[in-house]
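This is what each chain is made of:
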Amino acid sequence: MALVLAPDPPLPTWLSALDAQIARAPTFFDGRPVLVDLGALPSTTADVAGFLRSLEERGIRIIGTEGGHPSWAGVEAWGRPFPSAGKPGRPVEMPDEIAARAAALPEAPKPAPGGDATSLVIDQPIRSGQSVVFERGDVTVLGSIASGAEVMAGGSIHIYGALRGRAVAGLAGNGKARIFCRKLQAELIAIDGVYQTADDMPAALIGRSVQAWLEGEQMQMTALD
Amino acid sequence: MAKVLVVTSGKGGVGKTTSTAALGAALAQNGANVVVVDFDVGLRNLDLVMGAERRVVYDLINVVQGDAKLAQALIRDKRIDNLSLLPASQTRDKDALTSEGVERVVNELKEKFDWVICDSPAGIEKGAMLAMRHADVAVVVTNPEVSSVRDSDRIIGMLDSKTAKAEKGERIEKHLLLTRYDPGRAARGEMLNVEDVLEILSIPLLGIIPESEEVLRASNLGSPVTLASPAGTAAKAYFDAARRLGGEKIDVVVPMERKGFLGRLFSRRVA
Chain A
1 MALVLAPDPP LPTWLSALDA QIARAPTFFD GRPVLVDLGA LPSTTADVAG
51 FLRSLEERGI RIIGTEGGHP SWAGVEAWGR PFPSAGKPGR PVEMPDEIAA
101 RAAALPEAPK PAPGGDATSL VIDQPIRSGQ SVVFERGDVT VLGSIASGAE
151 VMAGGSIHIY GALRGRAVAG LAGNGKARIF CRKLQAELIA IDGVYQTADD
201 MPAALIGRSV QAWLEGEQMQ MTALD
Chain B
226 MAKVLVVTSG KGGVGKTTST AALGAALAQN GANVVVVDFD VGLRNLDLVM
276 GAERRVVYDL INVVQGDAKL AQALIRDKRI DNLSLLPASQ TRDKDALTSE
326 GVERVVNELK EKFDWVICDS PAGIEKGAML AMRHADVAVV VTNPEVSSVR
376 DSDRIIGMLD SKTAKAEKGE RIEKHLLLTR YDPGRAARGE MLNVEDVLEI
426 LSIPLLGIIP ESEEVLRASN LGSPVTLASP AGTAAKAYFD AARRLGGEKI
476 DVVVPMERKG FLGRLFSRRV A
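Protein chains in written order, with my numbering: chain A, 1 to 225; chain B, 226 to 496.
Treat the hints as calculated values from the structure; they're not laboratory data. Every residue gets a Cβ at the ideal spot worked out from N, C-alpha and C, and that includes glycine.
Cβ-Cβ distance ranges computed for the label pairs, FRET-style: (1) B:E325 <-> A:S54: 40 to 48 Å; (2) B:G267 <-> A:G216: 54 to 62 Å; (3) A:S209 <-> B:P429: 23 to 31 Å; (4) A:R53 <-> B:E424: 51 to 59 Å; (5) A:D200 <-> B:I475: 41 to 49 Å; (6) B:E415 <-> A:T44: 53 to 61 Å; (7) A:D200 <-> B:E350: 31 to 39 Å; (8) B:E420 <-> A:Q124: 16 to 24 Å; (9) B:E424 <-> A:S71: 55 to 63 Å; (10) A:P70 <-> B:T323: 55 to 63 Å; (11) A:P202 <-> B:E420: 23 to 31 Å; (12) A:H69 <-> B:V371: 41 to 49 Å; (13) B:G267 <-> A:A49: 50 to 58 Å.
Sequences and hints are given; from them, build the entire structure.
Structure (structure tokens):
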């Protein structure tokens, strides 16, 4: 899934906000394709090409732009938008949203600092408003994920309680990741950018023990019991 | 050893102030030395529910800022000697509370009383955070409806991370008080039932307070329901809850719709 960056003027201010975000989550853009939406910039903006270069200097992999003004030099060469016909290319998170949330919610359980374990076990429920982000691997939760809470993992997510909030697995492009839960009442689940909201989930699986995985670009779900 | 108890919920209008007054009075009626503290600076109500609104001279803000001594601000209840009120200020806002000031006042109250009961304002901002900050025990007041349950869940998360105890790595004791429970509507499936709420919030149940005319009437009379109509079902539920806070083990009875003799004979119980 492509992440969409939508810079707004003035650009230096936006860039410093971006730098602050990168400082907080240094691996956030690693390996992620990024689409830049230039629609919010006035047509008089100077040196947009230089701005895009400065994004690339920050390690951001730009796969295309959209909303560019035709009068800008070189705009045709900046690439077409990411083909969104395949899987829903909706960005799950804008970086500034994550930053805002991280600032607002320092109470979420955090992985042990300094450890480089590739799995995280949480032995308490994830309460509404809490967000657990673990990019290095799998997350196992022994309690429930409340409505309005979310767990995001680089690998798979195992929930030995009810999933009532959001579970986002395969964060850094891991299409092999899976989501397991004892009771499916999720608001949203996503694997490697393919997502389903509660409305899309098969009604027969709601309330049951379920696993979800990707087959190509399709999310599959089946009951475990 | 004095205990600091916060009555909190996240959502407004679920019955925090009513429950603070009723639990405070019930604990005092059982013989404990109790103070109820209104943290809802700017929207104070506890003085009204306690029937002390004409006796407020100094308030929590005056004490926090050092303009008055604690003893000057405390209002002793006219009906029960061992029940006092520390009112909030109506003319200020939550920004007038300081973390150090609140800690000093709470510590001073702990020396004088067995129970310090803090009535939290709604929301998750400064006032609510300071009200829960020094608590040993939390009573999470919840109505059996989805919005209230989700807000309570949010507050429980904060109790586990933002309180002084949590920051020291200790666990704060949390109890669920289910209020405004309407047996008729629950039976018709128009409200969440007790099991659903307990499963979602997964904290122990302190009591179930039925929706009742008595509670409303008591609030308007300026008297905690345990004093105004001590024989009623709501008062009885609060008395039981107060005894459970004191460590007694009493079964929680789920209020049932009165359907005559048979209905009364078979009441369901939740452990």
